[in-house]
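Here the structure of chain A is known, so what remains is to put chain B in place on it, guided by the hints.
As you go down the protein sequences, you meet chains A and B in turn. The first sequence begins at 1 in the working numbering and counts up one residue at a time. The second sequence begins at 1 in the working numbering and counts up one residue at a time.
Some hints here could point you the wrong way.
Pairs count within a copy or across copies, as identical chains cannot be separated in the list.
What the hints assert, rightly or not - No farther apart than 20 angstroms at their CA atoms in a straight line, the calculated lysine to aspartate or glutamate pairs in the EDC-like style are these:
(1) K291 with D76
(2) K284 with D168
(3) K240 with D168
(4) K3 with E217
(5) K3 with E48
In short, the hints are calculated from the structure, not lab data. On a predicted model such as this, the values are computed, not experimentally measured, just so you know.
There are 2 protein chains.
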Amino acid sequence: MRKLIGIDLGGTTVKFAILTEKGEIQQKWSIETDIRNEGNNIIPSIVESINHRLNIYGLSANDFLGIGMGSPGTVDRENGTVIGAYNLNWSTLKPVKELIEAGTGIPFYIDNDANAAALGESWKGAGEGGADVVFITLGTGVGGGVIAEGNLIHGRGSAGEIGHIIVDPNGYRCTCGNHGCLETVASATGIVRLARDLSEKFAGESELKWFIDDGQEVTSKTVFELAKQEDRLAAIVVDKFYFYLGLACANIANILNPEAIVIGGGVSAAGEMLLKGVEENFHKFAFPQVKTSTEIKLAQLGNDAGVIGAASLVSHARKRY
Amino acid sequence: MRKLIGIDLGGTTVKFAILTEKGEIQQKWSIETDIRNEGNNIIPSIVESINHRLNIYGLSANDFLGIGMGSPGTVDRENGTVIGAYNLNWSTLKPVKELIEAGTGIPFYIDNDANAAALGESWKGAGEGGADVVFITLGTGVGGGVIAEGNLIHGRGSAGEIGHIIVDPNGYRCTCGNHGCLETVASATGIVRLARDLSEKFAGESELKWFIDDGQEVTSKTVFELAKQEDRLAAIVVDKFYFYLGLACANIANILNPEAIVIGGGVSAAGEMLLKGVEENFHKFAFPQVKTSTEIKLAQLGNDAGVIGAASLVSHARKRY
Numbered sequence: 001m002r003k004l005i006g007i008d009l010g011g012t013t014v015k016f017a018i019l020t021e022k023g024e025i026q027q028k029w030s031i032e033t034d035i036r037n038e039g040n041n042i043i044p045s046i047v048e049s050i051n052h053r054l055n056i057y058g059l060s061a062n063d064f065l066g067i068g069m070g071s072p073g074t075v076d077r078e079n080g081t082v083i084g085a086y087n088l089n090w091s092t093l094k095p096v097k098e099l100i101e102a103g104t105g106i107p108f109y110i111d112n113d114a115n116a117a118a119l120g121e122s123w124k125g126a127g128e129g130g131a132d133v134v135f136i137t138l139g140t141g142v143g144g145g146v147i148a149e150g151n152l153i154h155g156r157g158s159a160g161e162i163g164h165i166i167v168d169p170n171g172y173r174c175t176c177g178n179h180g181c182l183e184t185v186a187s188a189t190g191i192v193r194l195a196r197d198l199s200e201k202f203a204g205e206s207e208l209k210w211f212i213d214d215g216q217e218v219t220s221k222t223v224f225e226l227a228k229q230e231d232r233l234a235a236i237v238v239d240k241f242y243f244y245l246g247l248a249c250a251n252i253a254n255i256l257n258p259e260a261i262v263i264g265g266g267v268s269a270a271g272e273m274l275l276k277g278v279e280e281n282f283h284k285f286a287f288p289q290v291k292t293s294t295e296i297k298l299a300q301l302g303n304d305a306g307v308i309g310a311a312s313l314v315s316h317a318r319k320r321y
Numbered sequence: 001m002r003k004l005i006g007i008d009l010g011g012t013t014v015k016f017a018i019l020t021e022k023g024e025i026q027q028k029w030s031i032e033t034d035i036r037n038e039g040n041n042i043i044p045s046i047v048e049s050i051n052h053r054l055n056i057y058g059l060s061a062n063d064f065l066g067i068g069m070g071s072p073g074t075v076d077r078e079n080g081t082v083i084g085a086y087n088l089n090w091s092t093l094k095p096v097k098e099l100i101e102a103g104t105g106i107p108f109y110i111d112n113d114a115n116a117a118a119l120g121e122s123w124k125g126a127g128e129g130g131a132d133v134v135f136i137t138l139g140t141g142v143g144g145g146v147i148a149e150g151n152l153i154h155g156r157g158s159a160g161e162i163g164h165i166i167v168d169p170n171g172y173r174c175t176c177g178n179h180g181c182l183e184t185v186a187s188a189t190g191i192v193r194l195a196r197d198l199s200e201k202f203a204g205e206s207e208l209k210w211f212i213d214d215g216q217e218v219t220s221k222t223v224f225e226l227a228k229q230e231d232r233l234a235a236i237v238v239d240k241f242y243f244y245l246g247l248a249c250a251n252i253a254n255i256l257n258p259e260a261i262v263i264g265g266g267v268s269a270a271g272e273m274l275l276k277g278v279e280e281n282f283h284k285f286a287f288p289q290v291k292t293s294t295e296i297k298l299a300q301l302g303n304d305a306g307v308i309g310a311a312s313l314v315s316h317a318r319k320r321y
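Chain A with its partners taken away, still in its complex shape (with noise of 0.2 angstroms):
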């Protein structure tokens, strides 16, 4: 049987895994990424990297059938190319397909990050293997991917904006120049924004309040850990992003009514915490029937999801043509 290879892209590091035909990693490993020389190491290292594992694993292009990748920036899959991935120091258009498949003479597919951490969870994670899951991850912004039918749902570029969601058309200005977007209050920035922003207005005792106005870092990891302890106004934080985050969950599966919202990224490390929060609110604002037939779940996978999800684009552009 032959083999995939996924590469998870990313500002520090590149991760790569080589997988069975069923997404079972067999091989793992990483490597910094290079990103001096306006990022034209990145790729070459890339291709040193693949050809220097296979070597050691006694293995050939011809015991693969694709590399896929998860890349940040603006992706063009049909052109294999990428632009604007400012961590990655790639201002210009690099063309990653052409690069890879030349250098390892590999099949080749790629698509953004978010996506194929998206089809990492449903295919191995907590989509189970679901034709119908939306991916939300919260990290520094807000990220998301949405399969439908068993098929990455792309619209004319730019599906899974879920960041994007305006929960509060009242609410603070995006770095999109949009008012009240999820990303500015579900983010692990947006937390501490809510944080910071509730402080001024809260009059009790509160340990998060006396770290904010002594100008002690904060971060949406102390946030959670206070509420945990039952901090008041950490509390009041946290019920207001259970709110948000809910009431987006809900938008979303009125719409797609899918059978797992997935919830990814670095904040959802506060685990069941969170998943009752949200829930919460979630039954709160869908539609009955969509109530009872989708479920918010945790993310299962973590690191691996990129890797994962990235060698599944292997076989979703081969099913497609």
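Relative to chain A, chain B alone:
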């Protein structure tokens, strides 16, 4: 080339069409929906009407690839049954597929009526054959259908509940039990509700207010007509409607980024004025790359959307198996 039959089953009429495989209507007719006898006459009358027409046109079962039907109620596509279609007096399970296949000898496919209309508009109407189209129908209620990557999206069975997207968590109570669903402000009845409510707080000169205070019958059509004549209260009412519908369209597009969101149903008769109002708000709320790539359009097929889309269920189903 073999033909298709499309059926649009409604509470007052059953519409039929014979179409080419490419979706051109060759014959069209309709019968009254006979809802007496717990609706048990409906399917026999459909079978009789089809057989009668095929006889007239000198056609036989072999000339057809299949029959597709859009139905109200809860549709089980696999088993071809319908339950809970109260405007047909169908409260118990009706084995529609079994009866029609036995009566005509032609393979039968069924989906709900909003999905059928969505398929019709995406195939031959405003969606122009697009692989990614969302259809919103503004009638007594608000319904919808989602086509993504060429597939009608069902999710766990309730995808497309666009009328129950929450546009105002503190809004009016909806028949579904939630608060602030799009349907409460964007259906024909929702617009009248908005008018009555805003009239209470409106102090200026307005014919609409006078009608309402005088106890005259006010419909959504009255509101749009008066807004066109620059009635001040009517203008406030339609602006509120544009705001909510534009917000919902933006959130749909941020998730799916379809080529088009197509607005149909009775309320869409307000035409270009409505389109412009919704577009303005859509552009305010959609993500930058989304607002330039997803178009808001008016439905084009009117009453034919149902039969055309129903007929296309045949090829959608055949593609799948």
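(message) To test your reading of the hints: which numbers does this structure violate?
(response) Per hint list: single violation, 4.
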